[in-house]
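Peer 1: Dock the two chains into a complex; use the hints.
Top line first, the protein sequences correspond to chains W and U. Residues 1 to 151 in this note's numbering are what the first sequence lists, from first letter to last. Residues 1001 to 1293 in this note's numbering are what the second sequence lists, from first letter to last.
Keep in mind that the hints were calculated from the coordinates and are not lab data. If you're wondering where the values come from, they're calculated on a predicted model, not measured in any experiment. For every residue, glycine included, the Cβ atom is placed at its ideal position computed from N, Cα and C. Some hints could be false.
[Said to hold, decoys possible] Derived DEER-like restraints, expressed as beta-carbon distance ranges:
hint: 1; chain 1: W; residue 1: 48; chain 2: U; residue 2: 1126; range: 52 to 60 Å
hint: 2; chain 1: W; residue 1: 47; chain 2: U; residue 2: 1134; range: 34 to 42 Å
hint: 3; chain 1: W; residue 1: 47; chain 2: U; residue 2: 1233; range: 31 to 39 Å
hint: 4; chain 1: W; residue 1: 117; chain 2: U; residue 2: 1183; range: 19 to 27 Å
hint: 5; chain 1: W; residue 1: 37; chain 2: U; residue 2: 1193; range: 54 to 62 Å
hint: 6; chain 1: W; residue 1: 91; chain 2: U; residue 2: 1142; range: 18 to 26 Å
hint: 7; chain 1: W; residue 1: 117; chain 2: U; residue 2: 1117; range: 50 to 58 Å
hint: 8; chain 1: W; residue 1: 83; chain 2: U; residue 2: 1257; range: 41 to 49 Å
hint: 9; chain 1: W; residue 1: 136; chain 2: U; residue 2: 1195; range: 53 to 61 Å
hint: 10; chain 1: U; residue 1: 1193; chain 2: W; residue 2: 30; range: 52 to 60 Å
hint: 11; chain 1: W; residue 1: 139; chain 2: U; residue 2: 1259; range: 50 to 58 Å
hint: 12; chain 1: W; residue 1: 151; chain 2: U; residue 2: 1189; range: 52 to 60 Å
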Amino acid sequence: MGAACSEDPGATAPFAHVVDACAPIALTSTASGAELASIARASALWTAVGITGPGEATTGASANVAVTFVAAAPGVFGFYDDVAVTLEISDALSDDQRAIVIAHELGHAFGLVHVPPSERASVMNAANLTTPPTAGDQLAVAALWGDCANR
Amino acid sequence: MRFKIPFAVACSLVAGSAFADPPKPDPGVPPLNPPADPTAPVADPTAPASDVTPTPPPVTTTTTTVETTTPPADIDTPPGTPVPGIAARDTGFVPYTPAEAPGPYSYAWYDPYLASGIGVGFTVGGGLSGFTDRAMRNTVSSKVGGLWDARASFGTHIPLGIDIGYIGSAANINTINGNANGTLVGTTVEAALRYNVLPHNTINPYLFAGAGWQRYDVRDMHFAQSDTGMAPHDNVAEFPMGAGIGLRDLSGFNVDLRGTFRATTDSTLLQEANGNYAQLHSWEASGSVGYEF
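With the rest of the complex left out, here is chain U (with noise of 0.2 Å):
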């Protein structure tokens, strides 16, 4: 049965005892320090200082802890056997327990192996993007333009964590006879919840929801002379949702590929003929590659 005592209570029991009583060695127990034998040999103080080994003085070792060692009732121990435990009371080595690490499939909100214990990442990307409004599929010239992002993302290695994100994107514009006039130019700022299903596996799905504002403007279109539903600028509110997933390694490396769906707000960036005007919803894939800690 062991028992462990804090320092200064082991402090005090033990110079109590010393000068209380002259201490009484353990008959079973080795001595921490043995009486000097006088029938030691002892250096000649005039001997040439060549033939002399040094002696290192005495050391005393100070422990933080004392582990006692009281054997169990039903052993009997003979007297001069050493008892289990006894010798790594002087070594004065605590040995080092690593911390565990939670497993592939834990939800544990620590992880020991970061710097932040939660997981915080930075990472730069781009992809694809596009419109699922027909008539702003129509008014830009491709159905698929191109977008780039910088995220971060605080929780990557719990099970919630917030991502905020600053995603571009650019696209030509159709005016007259398929003509690019003028370029469609986002901007969005969204932040959002997000669940990582594994949070302390080497690859990690997660789902994401959030809100955000998204901004588009119109840029270089000759306005001035045309009759357009198009407005030059609008603001929306936007609902980004989706699905990705991260892989990282131990250096901190991780890339990270996603969809996202973003719901938005009325807008009124373009009226149609008929009166209507078009929605902004939009999706997006992209990938992107990053470090955290």
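The shape of chain W in the complex, shown without the other chains (with noise of 0.2 Å):
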């Protein structure tokens, strides 16, 4: 069960809990190897856009995200369990495909929701297994949780 979650910033906001994209975040797993691996690289991914909440120390978090491998049907490639604050993400993706995965469940515990492709490309669309964090996604989570440079 993860602690300290900030409450739901947005009033049609689906998710019963959310954290803070700003403050420092720890992201926990059991994982080991490639897929320990693609949870530091999706941090980088958010990173690389000004969210800095994901990259930082795990010593003094603000909030735990865990992060969990598990089987799932082929069409389903992650899950942000709003309630435990666990992100699941398939354990049958490539490491490329698993890094944009746990970035874009990341996306939902920071408040997102998906974005269809036919409105701008983002690491928020269904489905999606390539787009990274882009700039429109950092003006998103900026609307829900501040521009983090200026925090």
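Peer 2: Take a look at the structure:
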């Protein structure tokens, strides 16, 4: 069970719990090897667009987000458990896909919802396995949590 | 040798002869209305009513057909000998000949014992179904799901008929860790041409093929917080084909068992990690009961 979860800042956001994208977040997992490396890659993808929370050191974290790798149906890549504040990631993905899916589920943990591909390319496109966080995603996070650089 | 003369012609013939010449009874044929016997006793009008047996008034019988019988020329009929067939002329009774029922192996296009003449039936039932695509099979919680159907059939007792059906299905969706998370609800409306192998037999095997529309909806799934290749819904064209067997009795009650394969057009309901979309081809084994007329 994750600790220190923020209240949902969006009136229409569907999540029971979300985490501050700019505050230090502890990404914990029992995984090892390539799976553990993909968690670090996902954090780096968000940091690259100015979302600093996932990339912070685990000490002094404002929130814990657990990451587990599990068997999933063929069309299911990842799932954000908004009650347990856990990212559940399919164990059938490639390394690149796994990093994108972790970044996608982290977006849900920040309070983001799916973005239709027809609207813009986004890490939050449904069934996304290729698009990393974009500048548009940074703006969407900033709309919820403010600009991380100025906090 | 017998001739059937239409009623109007017969009447004009009889009337014409009656007015042109006095009737000349055939000596060999008893008269239809023999003249009153002048020597017969006359009822006493003063007699007590209780002693008088009411005499019904003479009844004139009109027949719609008149049979005339001409004895064969080579048969010498002695005077006074009744000619066969004349008695039938007097009764006015036309025997009912039931319509001939098609035999069990007939391919007749009409069945006189059915109100519809062709066989119209309605059935409701249920059964089992499943996807043939491995990705879809692994997405739903069970390899075999349930279905329910309602069907109207037109032409169950003729060689070719039409089936119009509705089929509903539901299956739990597995997402993560084998946990059921959502329901895949299918709705199908289809029409099929049906070839009845033994249309007039009590047990009728049949083949069918057709086309229809199929929609799948994903319900109660947490799409807002998952990354999945499963779309909320999808519509496809589908082409059912299969075989069945109908069992019916004279009351109209019928039982229908069928197996169906449904081929569908390409679907975007489920995208796998390799980028391919799963196919929605499916199979069905079902039974239904109903009534036909």
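Peer 1: Okay, which hints does this one fail, numbers in order?
Peer 2: Per hint list: zero violations.
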